[in-house]
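**Q** Here is what each chain is made of, one letter per residue.
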Amino acid sequence: MAEKLIGKDIVPPDLVAKVTGRAKFAEDFRAPGMVFAKLLLSPMPHARVRNVDASEALSMPGVLGMLTPDDLPEAPPRSERALTYEPLYEGEPILAVAAVDETTAADAVERIKVDFEPLPFVLDPLKSLHPNGPNARTEGNYFFRSRDPEEQGFRTLKWTEADFAEAGEGRMPMGEPQTEWTVGDIDAGFAEAALVLDETIVHQSLSHHPMEPRSAMAYWQNGKLYLHTSTQSVAQTRVGVARALDLEPDDVVLIGEYCGGGFGSKIRGSPIQLVPALLSRKIGRPVMLRITRYEENYIGRSRPGFQARVKMGYRADGRVTAVDLYIVEDGGAYGSGDFRTAGTVASLSYQPLSMRLRGVSLYTNTPPRSAQRGPGGAQIVGMLEPIMDKAARQLGIDRVAIRRINAPDNNGWLGPQRASLTSAYVREALDKGKEIFGWEEKIRLSGRRNGTKVTGVGVGLSPFVGGSTGFDGLLVIRPDGKLYIHQGIGNLGTHSIADTARAAADVLGMPWNRCVVVWGDTSNHLPWSSVQAGSQTTHAHTRANHAAAMDAKRKLQEIAAREFGGSPGDYATADGSVYLRSNRLQRMSFAYAARRAIQIGGKYSGHELADNLNAVTVTSARALAGQGLVAAARDTYRHEGSTWSFVVGFALVELDVETGQIDLKEYTAVTDCGTVVHPRSLAAQLHGGAVQGFGIARSQKWVFDPQWGVSFAKRFYTARPPGILDVPLEMKWGAVNKPDPQTPVGAKGIGEPPVGAGSAAVASAISDALGGQCLCRTPLTTDVILAALEGRKQPYGPLEIHV
Amino acid sequence: MAVIRDMIPAFELFQPTSVDDALSLLAQHGDDTWVLAGGLDSFDWFKDRIKRPKVVVELSGVEELKGIRSTEDGVEIGAMTTLTEVATNSEILANYGLLAKAASQVATPQIRNQGTLGGNVSQDTRCWYYRGGWPCYRAGGNICYASAPQAMNREHCIFGADRCVAVNPSDTAPTLIALDAKMIVKRANRERVIDAEDFFIGPGTDITRMTVLRPGDLLTSIRIPATWAGASFYWEKVEDRKSWDFALVSVARAMRVSNGSITEARVVVNGVAPYPMRLDAVEAAVRGRPLSEETAQMGGEVAIRRAKALRHNDYKLPLIRNLVRRALRGRPA
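Chains A and B are the protein sequences, given in the same order.
Going by the numbering used here, the first sequence opens with residue 1, and the numbers climb by one from there.
Going by the numbering used here, the second sequence opens with residue 1, and the numbers climb by one from there.
Honestly, the hints are just simulated from the structure, not real lab data.
We put the beta carbon where it would ideally sit given N, CA and C, even for glycine.
Treat the hints with care, as some may be off.
Restricting the straight-line Cα-Cα distance to at most 25 Å, the calculated cross-link-like pairs of lysine to any residue (SDA-like) are [said to hold, decoys possible]:
{"no.": "1", "chain 1": "A", "residue 1": "127", "chain 2": "B", "residue 2": "149"}
{"no.": "2", "chain 1": "B", "residue 1": "47", "chain 2": "B", "residue 2": "140"}
{"no.": "3", "chain 1": "A", "residue 1": "793", "chain 2": "A", "residue 2": "452"}
{"no.": "4", "chain 1": "A", "residue 1": "793", "chain 2": "B", "residue 2": "150"}
{"no.": "5", "chain 1": "B", "residue 1": "242", "chain 2": "A", "residue 2": "417"}
{"no.": "6", "chain 1": "A", "residue 1": "665", "chain 2": "B", "residue 2": "105"}
{"no.": "7", "chain 1": "B", "residue 1": "66", "chain 2": "B", "residue 2": "132"}
{"no.": "8", "chain 1": "A", "residue 1": "311", "chain 2": "A", "residue 2": "396"}
{"no.": "9", "chain 1": "B", "residue 1": "242", "chain 2": "A", "residue 2": "775"}
{"no.": "10", "chain 1": "A", "residue 1": "127", "chain 2": "B", "residue 2": "311"}
{"no.": "11", "chain 1": "B", "residue 1": "242", "chain 2": "A", "residue 2": "719"}
{"no.": "12", "chain 1": "A", "residue 1": "738", "chain 2": "A", "residue 2": "675"}
{"no.": "13", "chain 1": "B", "residue 1": "51", "chain 2": "B", "residue 2": "205"}
{"no.": "14", "chain 1": "B", "residue 1": "242", "chain 2": "A", "residue 2": "561"}
{"no.": "15", "chain 1": "A", "residue 1": "113", "chain 2": "A", "residue 2": "282"}
{"no.": "16", "chain 1": "B", "residue 1": "242", "chain 2": "A", "residue 2": "311"}
{"no.": "17", "chain 1": "B", "residue 1": "54", "chain 2": "B", "residue 2": "21"}
{"no.": "18", "chain 1": "A", "residue 1": "8", "chain 2": "A", "residue 2": "687"}
{"no.": "19", "chain 1": "A", "residue 1": "113", "chain 2": "B", "residue 2": "311"}
Where chain A lies over chain B, by a calculated footprint (3+ residues, C-beta under 8 Å) [what the hints assert, rightly or not]:
{"no.": "20", "region": "82–96"}
{"no.": "21", "region": "158–171"}
{"no.": "22", "region": "233–247"}
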């Protein structure tokens, strides 16, 4: 019997290509006759294009054509299009020019005369809520969603002068919300509280900064679109592209074998990937659009910032009695809804006896938002965890203990519907983290002064949703005796293509060296899969591959029973053979079984398929039919409640009280993500996500000139995401490793919660080094910390953003 | 005409192999010529198509501009010597550790392998309005956007504002002033030896340049005299992150101490003025004073006497005060 693969380190099948540089990313592809496109971006935050004069550009030698918004298919009124005549943020693409090389294309763009009519703009959602404040869009400042199409549409929300006046100096005003929900009786909750904290907190907006910008190359052949693009997901991106271009999915061949990071910004690729596709169709040449880092900073998506008012009530024993949360979300040019998830996460983290969420999300003339690794969760965790520290100090309770007191367990709940959980082993994670980090010893170092350096110790708890269900698995056992595991998910660096394949290998007892993972190119016949986002994949696709492998196993047992007699249940599979349990010598190799499956046909060869499969899977399975034993199944395993994973982060920092400089010395992350599938890959997620969190807490940001509405943080050195030298040498990790009872492999997703844990643990440690002072904003840059240390006025107002 | 960034426009490239050839190319092509050393500042400008020289003279093939050699009175460093070499050279480490330390903290290891000492001191400012192509004073316009009432200027100056409030970004520049280095500048048939302190200029002198270098000039080497060899040194750079960041504020200090008293000190700060700024008042105030916390405190206060914060950079006052204090305590950083 092959050793179980789940829980073991393996070498992912893409590793050698990546480390040797042989892996081809979107911009590495070439096609005969290929030309290059360059974009013309809006120089102002909100404008209307009155006229475009491209005559000079189009007459230049080597220039082949231009794509304008007029060439794009229709799209719903609120949705973002690849190009626009009404740019809603500085840097929004207006048009694209194709030329024989990029230099010529850039020179041509420079010679285009665009007549922009500047329109009012707003960078701060609170300013848009002012009675006379500007709206980011001519149609209003938010979009009201409704099932009733009569009701749905753009609206304008303004608060009253009284709303703004009511709030004291520096406190966030709270006018009419767009959304409100309450669980329990919050008045009673606060009445019962021995301690009530009321804070105004600001969390920055920040760019995703994937290493690979969203480049794409496209050409058309016999009516089919071939699109090489940088995308997190493959099967779903193909469908998205087909829908956007009004094509059948079969008429799109999508190639995305490698993706240099997405973090939620390339879930189905990007709107801009349509530009080379349409431009190629228009000029009849393959078109490459290489997105530069400068462009990536505008169109590369971002996490929405929050301005929040948080009121929390605590019993003397530390139990949270009430959470009253009001979030104003900066939705950027095209809107966002992170604040809803933030409310759900807050309810889950603290299991409050009562809770109210109120929120508004407004358009601003800043770059588009999208999910960013732990959307809503990472923000609220980074904002609320320091408040938990403050309460613990005032109540005289250990900071890990106060989280343990309020942590959810298997009976926990979340959100306005008080949804149930599939599993939660948060206390176990806190206990394990305390042990690995050495909390008891480290907490004794808290506040210790060594010269000008003060030690601070912090902890942060971060939940995030960890799985979806109902997708398809597709496997082929070919006459070469190998198991081909087809994956419609993407390959954005998480090893999910390999790790979720192991569920199938384990069901069949197949050694890993006889498994082939097929991924990244839809012409290789991929099944319908989850988006590679929302930390869904580990959960969704260990399930789908498990289901498909069970289908394969049944078919192998049936073929063996037909051949050797007895009933299918008398047979088992291992090491590439199906054998009689009572006499292992009575066996048939998978290679032979595959040939038999082809001969028998019907369901064995993929000519008959289950009727609950997605149409994408059916098409792929039909294309594979007859090539071996084909197994295709939909995940219909039982699943009640919501699946969430948890990460607890621990950090130790040294703060220099004369300079405000922070040295992050140690970091430990411990997770409850169910069964550990791949330890080394899990460590990479826990630590890699934490590094993004360190950036949130310490350095990464946006800066806009408020008068002109243009961005300065459009280079790495001004946006300041953390680099490797900002990562502590000492990084540890651990996992509770208890299976989730509602999924066959027991594994939950883990991509997202590490970010909030890193951010919160570092913010908590900085606050600890400051003697418990909570600065109530991110990022905690040198200037902010030094002003606090020196007792000087803070450089930014308590509600100021994009600074 | 539309603006496009991140795409270097075509230029004529010359790659001379001798200083004489380089100088004649500079003389021949005049004002439209750009001298390219490591490229880390230049390529940003080129990519953004804001500085668009017709001719670029690239110096990596000029061997005589590279390397570090001992002289009768100290050491001479070729302008094209990499920052990595400066940071790891045994003589510089032994006698002029101040420079080695500053060079070792420039940007990232990769940038230090490519970036040169001559390039580092010749850098243009990183004011994000100016670098963004705004038509400010420094760019030939008639306004400073960074000092407007709502402007974002946390990284701008607290001293020396004169229409422009940008700061000098170089890490090595203040250490060269502290070491009393001499900059060797050649032009056609002329060689000038310029004190490092005079090499850097403020907007009052010429608002479009950060140094005395004019088109046609070539910084060939930097001589460090033995004056401060082996003295007590202090260097510190405060930055927002450790990977590739310019100093918010930095301090370089060379000092000689005798019988517990400061006999002589040179204290230079950067990130606070449009040029690396020597704190003469501090130097004078501490001369002859005992090496003590009291002296350090006093020196720190003197350092910020004439400082004036903009809207968002008040923190630079306590920061430079504290750094000067630390520098004067006499303990190694």
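**Q** Does each hint hold? Answer for all of them.
**A** Consistency of the hints with the structure:
no., hint, in the structure
1, A/127 - B/149, "holds (18 Å)"
2, B/47 - B/140, "holds (20 Å)"
3, A/793 - A/452, "holds (22 Å)"
4, A/793 - B/150, "holds (17 Å)"
5, B/242 - A/417, "violated (45 Å)"
6, A/665 - B/105, "holds (19 Å)"
7, B/66 - B/132, "violated (32 Å)"
8, A/311 - A/396, "holds (19 Å)"
9, B/242 - A/775, "holds (22 Å)"
10, A/127 - B/311, "holds (20 Å)"
11, B/242 - A/719, "holds (13 Å)"
12, A/738 - A/675, "holds (5 Å)"
13, B/51 - B/205, "holds (21 Å)"
14, B/242 - A/561, "violated (66 Å)"
15, A/113 - A/282, "holds (22 Å)"
16, B/242 - A/311, "violated (36 Å)"
17, B/54 - B/21, "holds (18 Å)"
18, A/8 - A/687, "holds (19 Å)"
19, A/113 - B/311, "violated (37 Å)"
20, 82–96, "violated (count 0)"
21, 158–171, "violated (count 0)"
22, 233–247, "holds (count 10)"
Of the numbered hints given earlier, the model fails hints 5, 7, 14, 16, 19, 20 and 21; all others are met.
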